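Let chain A serve as the given structure and place chains B and C with the ligands on it in line with the hints.
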Amino acid sequence: MTDIQIGLWSVLGIVLLIYSGMHVAVALALLSFLGVLLIRDNYTIASKMLALAASDSISGYIFGVVPLFVLMGMLIAVSGIGKDTFDVANRLFRGIRGGLGIATVVANAVFAAVTGISIASAAVFTKVAVPEMIRHGYTPRFAVGVVAGSSVLGMLIPPSLLLILFGILTETSIGDLFKAGIMPGILLSAAYCVAILVTAYRFPDYVGKVNTQADSGSGPEMTFFEALLKLLPVAILIALVLGGIYAGWFTPTESGAVGALGAFILALGKRQLGWVKLWQVLVETGHVTVSILFLLIAANMYSRMLAISGITGFIGSWFGESGLGLYSVLTVYLVIILLAGMFLDSTSILMILVPLIYPVMQGFGVNFVWFGLVTVIAVEVGLITPPFGIAAFVVKSTLDDQRIGLNEVFSGALPYVFIMVIVLALVVIFPQISLILVR
Amino acid sequence: KKYKITVSAGHPPVFLWVTLCRDFFIPEIDKRLAALGKGDTIEWNQAYGGTIAKIGGELEAIEAGVSDMGFVGTIFHAPKMPLHNVTYMTPFATGNLYHVVDTITELQGQIPALAREWTKHNQIYLGGAALDNYGILTSFPVKSVDDVNGQKIAAPGPSANWLKGTGGVPVASNLNEYYNGIQTGVFKGALTFMTAAAAIKLHEVAPYIAVVNFGAQFAGGISVNKDVFESFSPEIRKIFTEVGKEYTRKLAEAQTARADNALLAMKKGGAKVANLSPAEQKRWAGKLPNIPMEWAASMEAKGQPGKAMLKGYLDGLRNRNVTLIRDWDRE
Amino acid sequence: MAIRKETKEPGVALKPPLRFSFEAVISVMNSIGTAWVFVLLVIINLDIGGRMFFNSPLRGVPEIVAMSIVACVFLQIAHTLKVGRLTRSEILLDLLQKRLPKLRRFCEGIYHLVGACLLAVLFSASVPLFTRAWQISEYVGAEGDFMAPTWPVKLIILIGCVAGSLQFLMMAARSFGQMFKPGRSGGGDRP
Ligand code: NA
Ligand code: NA
Chain A
1 MTDIQIGLWS VLGIVLLIYS GMHVAVALAL LSFLGVLLIR DNYTIASKML ALAASDSISG
61 YIFGVVPLFV LMGMLIAVSG IGKDTFDVAN RLFRGIRGGL GIATVVANAV FAAVTGISIA
121 SAAVFTKVAV PEMIRHGYTP RFAVGVVAGS SVLGMLIPPS LLLILFGILT ETSIGDLFKA
181 GIMPGILLSA AYCVAILVTA YRFPDYVGKV NTQADSGSGP EMTFFEALLK LLPVAILIAL
241 VLGGIYAGWF TPTESGAVGA LGAFILALGK RQLGWVKLWQ VLVETGHVTV SILFLLIAAN
301 MYSRMLAISG ITGFIGSWFG ESGLGLYSVL TVYLVIILLA GMFLDSTSIL MILVPLIYPV
361 MQGFGVNFVW FGLVTVIAVE VGLITPPFGI AAFVVKSTLD DQRIGLNEVF SGALPYVFIM
421 VIVLALVVIF PQISLILVR
Chain B
1 KKYKITVSAG HPPVFLWVTL CRDFFIPEID KRLAALGKGD TIEWNQAYGG TIAKIGGELE
61 AIEAGVSDMG FVGTIFHAPK MPLHNVTYMT PFATGNLYHV VDTITELQGQ IPALAREWTK
121 HNQIYLGGAA LDNYGILTSF PVKSVDDVNG QKIAAPGPSA NWLKGTGGVP VASNLNEYYN
181 GIQTGVFKGA LTFMTAAAAI KLHEVAPYIA VVNFGAQFAG GISVNKDVFE SFSPEIRKIF
241 TEVGKEYTRK LAEAQTARAD NALLAMKKGG AKVANLSPAE QKRWAGKLPN IPMEWAASME
301 AKGQPGKAML KGYLDGLRNR NVTLIRDWDR E
Chain C
1 MAIRKETKEP GVALKPPLRF SFEAVISVMN SIGTAWVFVL LVIINLDIGG RMFFNSPLRG
61 VPEIVAMSIV ACVFLQIAHT LKVGRLTRSE ILLDLLQKRL PKLRRFCEGI YHLVGACLLA
121 VLFSASVPLF TRAWQISEYV GAEGDFMAPT WPVKLIILIG CVAGSLQFLM MAARSFGQMF
181 KPGRSGGGDR P
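First to last, the sequence lines map onto chains A, B and C.
Numbering-wise, the first sequence is residues 1 to 439 according to my numbering.
Numbering-wise, the second sequence is residues 1 to 331 according to my numbering.
Numbering-wise, the third sequence is residues 1 to 191 according to my numbering.
It is worth saying that the hints were derived from the structure and are not from the lab.
Heads up, a few of these hints could be off.
To be verified - To give an idea of the interface, some chain C residues facing chain B are shown, with a C-beta separation under 7 Å as derived from the structure:
hint: 1; residue: N55
hint: 2; residue: P57
hint: 3; residue: P62
hint: 4; residue: E138
hint: 5; residue: Y139
hint: 6; residue: A142
hint: 7; residue: E143
hint: 8; residue: D145
Note that the structure is a prediction, hence the values are computed from the model and not measured.
Glycine residues also receive a C-beta, built at the ideal position from the N, C-alpha and C atoms.
Okay, chain A solo, but in the shape it has when bound (with noise of 0.2 Å):
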């Protein structure tokens, strides 16, 4: 067997292991290993390759701030202010036909703008804006399709977790992936607004027995001023993390530090956090970083080990003699990134996939940001897609409502992976969508 058949069958063998139920991050190291192991007969260079990786790949500072953005993420949805959101949102857009769903979609969007999660969105709005539109007669599966579909937003609009990654992987700025997430992310809500609208006029069964009363009956009466009020918390915070990066205050590596402080007082001043509270918090944060930069820590020697056996090289010639074009290409590798979401969290689809083709779209020459924008929308329709969807997950759970089943999300989310897909080929053929904001 030669080096490169060795890195295609560890390819394979990947898919396999996963599938079949193996942490992800073992099948990766395992893979690296044996493959190593095979290409050079030596255990001791294989074995010294997995500890340079785990010494050295997440020994950096934007590693370190992955935790505060988590961490930032996580305060924010003990600290009221996503309920907040949601019921200005709820006010401005009463009256209008399915208003409630598009309050969802815009209350999201703003909320995007200080996490860099989507489970953060997903748990928040299950909680905040479900039984409300339930109580008011839409379906529960438009009602959790819509939140389902919309917490994507939340690693679209900056910050965004996922674009930290990919500019981790590529080493493409992330500053500059932050801006690039801006259009994209108000394209998609306003092709959801317009989306909810289309099907509360033409399809209103599909949205629920919504009628006018209910259009104009939600929500808590408030005035102007009281909604300013409401949305000072949101916009305080806001104008800190991404006003603060614009201003020159910090840098968007520092971002997550500065944005989880803020969430942490706000949390704070909203008597939303006691000791108990935060600490389940932190422990959270941990768990959910550890098994993201262990992932890393696996992928990274994934990728060393596809790196010595040659095949990195091998498919970046391949690509170049086939006289495939870039279009052609990039969709092969959408559609594997589509597929791959089906079955895999999102992370882990950047981590093997991304250093495989980076070699290629380096090639040809492609704008790193724009990729990397591609990149995360295919990515984060993987959320919402079955059998394997983690926003889908944790609407269920948060849901607490036993009439509402997982197949209820999936299906009620069905309509935004269109949505998504469509968007992801305006963004493909228009990349100044993408860069307009970049400089």
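What follows is chains B and C with the ligands alone, placed relative to chain A:
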């Protein structure tokens, strides 16, 4: 005989020391092997851009045999290769990168501890690379050392020492963050070399370029795993050593040319370049504590020949007719 | 996202058992890692604040943060594993559960054994990295500037490997054990 050699580098091929490894070192070895006519061939697996070893992880990767050969950035291995970092500890030495890289290469034979920094890590040094003269790019004019007083300047690692006593505030950062950091005002300037500054178009946000003459810096070298090297026949070893020497020279040429072009390009792009006069350089150097001697003393305390290394380096430069702004080792 | 909602043992880390046991050890390790994230939050903000308001950043923050994160991961790996939060896809295993529950247990046992072995390999290969860092007093930062030793992190990597490997072994033993328990088809370590 057929050899399989995996070559790694933490940097991608846009950096000259990697470009020349790919476009000169490897083809040249192939050419000379063919000319040797013994039927020896090498199958190269080239993995650059950190795919096998990250920046700062190259030394260990070659030591362990995970990679057979590669570019080791000595500047990222200060604890393991302290003597190679003498240049960063000796500001205002020379802006001529031939002199820097020639002197360090020459010292490999004179100071055993220097060569041991490679052999101790199971590898053989083949050829070296230096970075072009460091200066300072700022969003405000710098005409003398007084202008940096109270200003935040991105100065990672050892270069922070070059601001000691000037009143400048060194901020830890890295090349990827300079542009955004200056644009947004996290800091007002950066200590860096011109090829890097031009590559990230730093002059767009920091149009004032002061050629302070902090000096060209030894950055690292190509090395090969010792076991792999010893598996070669004497003729092949000779080829590697010779091509390594030529690589060093070609790289110095290319880097110098690129530095000149970088400064020109930035000037064309609207940068205002100020060459600090020797008198001003002397004032700046005079404000600094004697960093090189402090470094040498701390090396000696660790059992390393810091004083001999410093003297060797500065004497090497003096022998090449460099007039030092400050004779650090003679104070 | 690598997240699964955990409902079975909320606050598992809140009540550290008092007696000395493996669980207690990994719980304490987890707590140290957890608290450390808060320390990072504080020092990064101090650095930003010092730079903004007093023109005097904290030197060494990037180096400390970069080192800390490796330490945090290895401090918390065993506990993360224990509470079932390490990413895996259980679609096929869940299908298997219905038809051949014993085969599921067997597969899981094998997977956990593999995990234990890999962490053991990682441990043995990481020992020299620790001893070298100790011997040459390896540091991050720069001479004359901020400097911090790296050996504590290398040591934590070793400790984390041992803890993780033991945790994997215990999970493997439990999986194999459940194969031979009559009348019990489900349960296990996940809800
Ligand atoms: Na976000
Ligand atoms: Na999915």
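Evaluation of the provided hints:
1. N55: OK, holds: C:N55 within 7 Å of chain B, min 6 Å.
2. P57: Nearest chain B Cβ about 5 Å off; hint holds.
3. P62: holds (5 Å)
4. E138: holds (4 Å)
5. Y139: OK, holds: C:Y139 within 7 Å of chain B, min 5 Å.
6. A142: The hint holds - C:A142 has a Cβ within 7 Å of chain B, the shortest such distance being about 4 Å.
7. E143: With a minimum Cβ separation of about 6 Å from chain B (threshold 7 Å), the hint on C:E143 holds.
8. D145: holds (5 Å)
In terms of the numbered hints stated before, the structure departs from none.
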